[in-house]
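*Asks:* Residue numbers (this note's numbering), protein chains in the order written: chain C, 1111 to 1715; chain F, 700 to 1157.
Just so you know, these hints were derived from the structure itself, not from any lab. Positions of the beta carbon are idealized from the N, C-alpha and C atoms, including for glycine. Some hints could be false.
Calculated pairs, BS3-like style, for lysine-lysine (alpha carbon to alpha carbon, straight line, at most 27 Å) [claimed, not checked]: (1) F/Lys900 x C/Lys1197; (2) C/Lys1577 x C/Lys1659; (3) C/Lys1398 x C/Lys1323; (4) C/Lys1361 x C/Lys1323; (5) C/Lys1651 x F/Lys795; (6) C/Lys1323 x C/Lys1197; (7) C/Lys1594 x C/Lys1620; (8) C/Lys1643 x F/Lys795; (9) C/Lys1644 x F/Lys860; (10) C/Lys1398 x F/Lys860; (11) C/Lys1644 x C/Lys1620; (12) C/Lys1644 x F/Lys742; (13) C/Lys1644 x F/Lys900; (14) C/Lys1413 x C/Lys1398.
Cβ pair distances, simulated, as ranges [as the list claims (entries may be wrong)]: (15) F/Gln794 x C/Tyr1585: 30 to 40 Å; (16) F/Glu859 x C/Gly1375: 26 to 36 Å; (17) F/Cys758 x C/Pro1508: 56 to 66 Å; (18) F/Gln794 x C/Lys1711: 36 to 46 Å; (19) C/Ser1567 x F/Arg1116: 37 to 47 Å; (20) F/Cys758 x C/Ala1618: 49 to 59 Å; (21) F/Leu1049 x C/Lys1710: 33 to 43 Å; (22) F/Gln1115 x C/Arg1583: 33 to 43 Å; (23) C/Ser1196 x F/Cys758: 48 to 58 Å; (24) F/Glu859 x C/Pro1605: 22 to 32 Å.
Pulled a few chain C residues facing chain F out of the computed Cβ check, cut under 7 Å [as the list claims (entries may be wrong)]: (25) Asn1194; (26) Ala1200; (27) Ala1223; (28) Pro1605; (29) Tyr1641.
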Amino acid sequence: MKANTFDCIVIGAGHAGAEAAHAAARLGAKTLLLTMSRETIAMASCNPAIGGLGKGQIAREIDALGGLMGTATDSAGIQFRLLNRSKGPAVRSPRAQIDKYKYSEFIRQSLEATDGLTIIEATAAEILTEKNAVTGIRCADGSVYNCKALIITAGTFLRGVMHIGSEQSAGGRLGEPAANALSDSLKKLGLRVERLKTGTPARLDAETIDYDKTEIQLGDDEPYQFSFMNDEITQEQIPCWTTYTNEKIHKLLRDNLRQMPLYSGQIKTTGPRYCPSIETKIMRFADKGRHQVFLEPEDAQRKTIYCNGISTSAPRDIQEQMLKFLPGTENARIVHYAYAIEYDYCPAEQLKISLETKRIAGLFLAGQVNGTSGYEEAGAQGLLAGVNAARKIFGDEPLVLGRDQAYIGVMIDDLLTRPIDEPYRMFTSRAEYRLSLRSDNADRRLTPIGKSIGLVSDQRCRRFEIKTAQLERLYNYLKSERSKGKSLWQQLSQPENPLAGQLSQLPAIKAMSLSNEVIDAAVIDAKYAGYTKKQQRMVEKFRRMESHKLPLDLDYNEVAHLRAEAKEKLSAFTPATLGQAGRIGGITPADLMVIQIHLKKKFSM
Amino acid sequence: MHNLTDTIIAVSSSAGARTIIRVAGSDAFNTVSRLLGGIDLSKKRAAQNVSIQIEDDFCVRAILYTFPAPASYTGDNICELHCLCCNEAVERIYQKLIDLQCVPADGGEFTYRAYVNGKMDISQAEAVAAIVSGSNQYQIAAAQRVLSGAIEQTVGRISEKILTLLSLVEAGLDFSEEDIEFVSQVQAVNETEQILAEIEKLLAGSISFEQVAEADSVAVTGTPSCGKSSLVNASLGFERSIVSQTDGTTRDVLGHWLKLKKCDCVLFDCAGIGQEPQGLLEQYAQTATIEAAKNACFVVFCVDVSKTDYKNDIEILNFMGITPAIFVATKCDLLRPDELKNKLAELNSLFKKEFLTTSAKTGNSIENLKQRIEQLIISQRTVSPESAEKIAITKRHQQSAATAADNARLAKGELQRQSGETAAMYLRSAAQELSVLSSEHIDEAILGKIFSSFCVGK
């Protein structure tokens, strides 16, 4: 094999690209990771935090499959919190503030230590194809690399334009150039490209903030680790701080609304509703007197602070004035200003369920280029794209995770079946089988799958086997041991049964010397056992519909009696299964029946 | 979407003394065997007498026919229980089979299976598809007219309430980091109680689209202000359509559920047909009237007996081109007995028909009219394939609303325990159950009806 020939090339080394390159190489594909800069591998471009509601579950899933995000977070975390601790375990999600430099460093070192993975600094310019199949990539400096599979994880770099007030500058991230040629190359290949908008708040010099005027927010006393490979978090935890906007700030922004690109017409694309800029908040919720702002350290040395909650497209002078009015930041030095960014993405209905494009064989897309937001969403897609690129090269069927198996499955299914008008972010409410898709059982759901495809390490396998054996012992005991006419398991299944809190104190259980993780798992399983049983019918129906495959080349215009709206929608989305078809907006059960009849007719002839 | 692995059940409408309970699916023999106390059904037998234990001291007799796969109508194992017992006992047997994991069949599900299992040819199935795909908008429109959108509105309103509450509960889970209380526990519980009350009200007082679409329909027609609406109201026993002195008050076809002693029907109160429709609205109303009349099982034609001139009535009768089955003389209370006698003689000679005398004001002869309607319905009724699965269809929808109510009740319990994630699960199920009834899925309901009508020879 020539030096410039690889099985798989990954373009972009953000959270998607890092997981993609790692996964592909782990599976045995000779992989090249192209990045503009080694220094910014897996950089937290926005919020210096991993996890959160819905996202924490994804991070745990990435870890359970053998990805990098979980161990990197545990290593680089500077404050850990388990969100929704007071609520049910199914909606509890880990979240951690990270030292973004340490995080990047950890991922870079992991990638460098991965066999079969080469990292090169270069800017990709043109995707090379032959007969609608990927053959390689040409870089801006003219160098050419050949490959069988190409994964684009370009984040916000495709034709990125940053806005600070009326100032506009091309770039994928502050101080880094945009990737315009690559975007053109995707268009030339016939992919549909559209625009999205997002934004990031100002970063402040941590030493110039008056913390006495803010409230302190500490991490958990017993930090909950992200990775199933770790038993505990031992590093020192660093506090965050909260402060509130006030009427002075709101008036300032209202008075200067014309200078905000979001309101002046300079930015025409939509931003995310779940992450509104401060000007959007005060306009949309005019009656709210104050908005919370979190001051989050970006690194363990506490050099810079991320102002979570006041992202804006306002001009520099307005940003400065706003901070002067914000309690605690009156004299703060701005390290870099908030900006809004517009970028290209490829609507995901152009993808197969493996994340390979329908149009170009061997071309995979993952992360923000598919219209998502967030490191976890990106990382998960990267991991799947890496796995599926490698599997394609080796002639294996793609790895597909169902909505009943993982948040990752929910996300990919959502992306493939519904158009978006804002960057897609995970919420726990998107998962209809949420009670089964928990952060505590991500390993039990996914590690066996990771093992079977060869992604997880032997070390992880062994840990998992030990845990599984312990759980089995505990289960057997709980189901056979009885008191008050009920098995301990049945007692645990009752709402608010005190046994849950006392379990670890039972002599028989003490004697088993189980990990807390195992005892917690049994308690949670028992709590939800009755509920998940009720969902079983739904799950079975879901699986049946998913098992009914639809040909990708099915010409819906030929389907007799199919409604025009259904023809249009189905032609645009070309669903892979009957279940997917049913989840496309506006498709009725009757449409599905018509398709089934058509297929029966076609294939019986 | 039909699930081919389910064991499905349907009850044919009782025609005569015999009611047939039909069970189909790979597990049909096992299930029925369990119902019958474990008798062996594996040996092929044409028919056998069985007894079904309903309670400890109460059992009923039935004839059991077994049709093993693949030679049966659907290609599945099929059991037919021909019951010679009262409806209540049939109801109990049905419930027992539901408890044994049988699923109420959707309308046409037997036929759908027949198709999927290669028991029916593609042209039949395609004809079904044509109607399914919504090309037959008229049926949907007609069904909506019949219901005046009332059920859809009610269900839509309840669904909306559930979704609103659900979104608040979900927000409390997904945005718990915000300093916002989306819904207090007390509010959430109250809201759930209201939802529950509304579903229960719906269960108690409404009729579903299938009932109306499959029920025998009777159209009441006549000239404007001849007293049709008053007559319909008197028959129903309460005020339903707006009645006024102005000509043409009934601007559309209104359908009402009329409960009779031995059967039910839908009474269409049709807009009066004037000579020259004025404006689009009136034109539309007249078209709807004529369509409804043509589609009805039979027509009741009303003539205001107190008038002096019946020219209009004769013209309209000719214009409609329909032969009414029942002729009614309305407003008889406005005439003295001797006047009435003369007028009736005049009508008889003009229309060559016997007239039934009625008065909505005094309630006179309303019972007679209902009896005549009932007799006609029963005499016209045959055991048609359309009605073969009628009870099951109704049950399915009833069950949906009942399940929605169950889920709302469970959600309330979870909310009281402040368990948002499990409350959300039940609220979601409640909303999904109700969507079965709503117009969004009306396509599916029609599909069911169509497949029913292909139960040829069954």
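*Asks:* Next step is simple, just say for each hint if it's right about the structure.
*Replies:* Quick rundown of the hints versus the structure:
| no. | hint | verdict |
| --- | --- | --- |
| 1 | F/Lys900 x C/Lys1197 | violated (33 Å) |
| 2 | C/Lys1577 x C/Lys1659 | violated (36 Å) |
| 3 | C/Lys1398 x C/Lys1323 | holds (21 Å) |
| 4 | C/Lys1361 x C/Lys1323 | holds (21 Å) |
| 5 | C/Lys1651 x F/Lys795 | holds (24 Å) |
| 6 | C/Lys1323 x C/Lys1197 | violated (31 Å) |
| 7 | C/Lys1594 x C/Lys1620 | holds (21 Å) |
| 8 | C/Lys1643 x F/Lys795 | holds (22 Å) |
| 9 | C/Lys1644 x F/Lys860 | holds (23 Å) |
| 10 | C/Lys1398 x F/Lys860 | holds (25 Å) |
| 11 | C/Lys1644 x C/Lys1620 | violated (33 Å) |
| 12 | C/Lys1644 x F/Lys742 | violated (36 Å) |
| 13 | C/Lys1644 x F/Lys900 | holds (26 Å) |
| 14 | C/Lys1413 x C/Lys1398 | violated (32 Å) |
| 15 | F/Gln794 x C/Tyr1585: 30 to 40 Å | holds (36 Å) |
| 16 | F/Glu859 x C/Gly1375: 26 to 36 Å | holds (35 Å) |
| 17 | F/Cys758 x C/Pro1508: 56 to 66 Å | holds (58 Å) |
| 18 | F/Gln794 x C/Lys1711: 36 to 46 Å | holds (39 Å) |
| 19 | C/Ser1567 x F/Arg1116: 37 to 47 Å | holds (41 Å) |
| 20 | F/Cys758 x C/Ala1618: 49 to 59 Å | holds (50 Å) |
| 21 | F/Leu1049 x C/Lys1710: 33 to 43 Å | violated (59 Å) |
| 22 | F/Gln1115 x C/Arg1583: 33 to 43 Å | holds (36 Å) |
| 23 | C/Ser1196 x F/Cys758: 48 to 58 Å | holds (55 Å) |
| 24 | F/Glu859 x C/Pro1605: 22 to 32 Å | holds (29 Å) |
| 25 | Asn1194 | holds (5 Å) |
| 26 | Ala1200 | holds (5 Å) |
| 27 | Ala1223 | violated (36 Å) |
| 28 | Pro1605 | holds (6 Å) |
| 29 | Tyr1641 | holds (6 Å) |
Comparing the model with each numbered hint stated earlier shows that hints 1, 2, 6, 11, 12, 14, 21, 27 do not hold.
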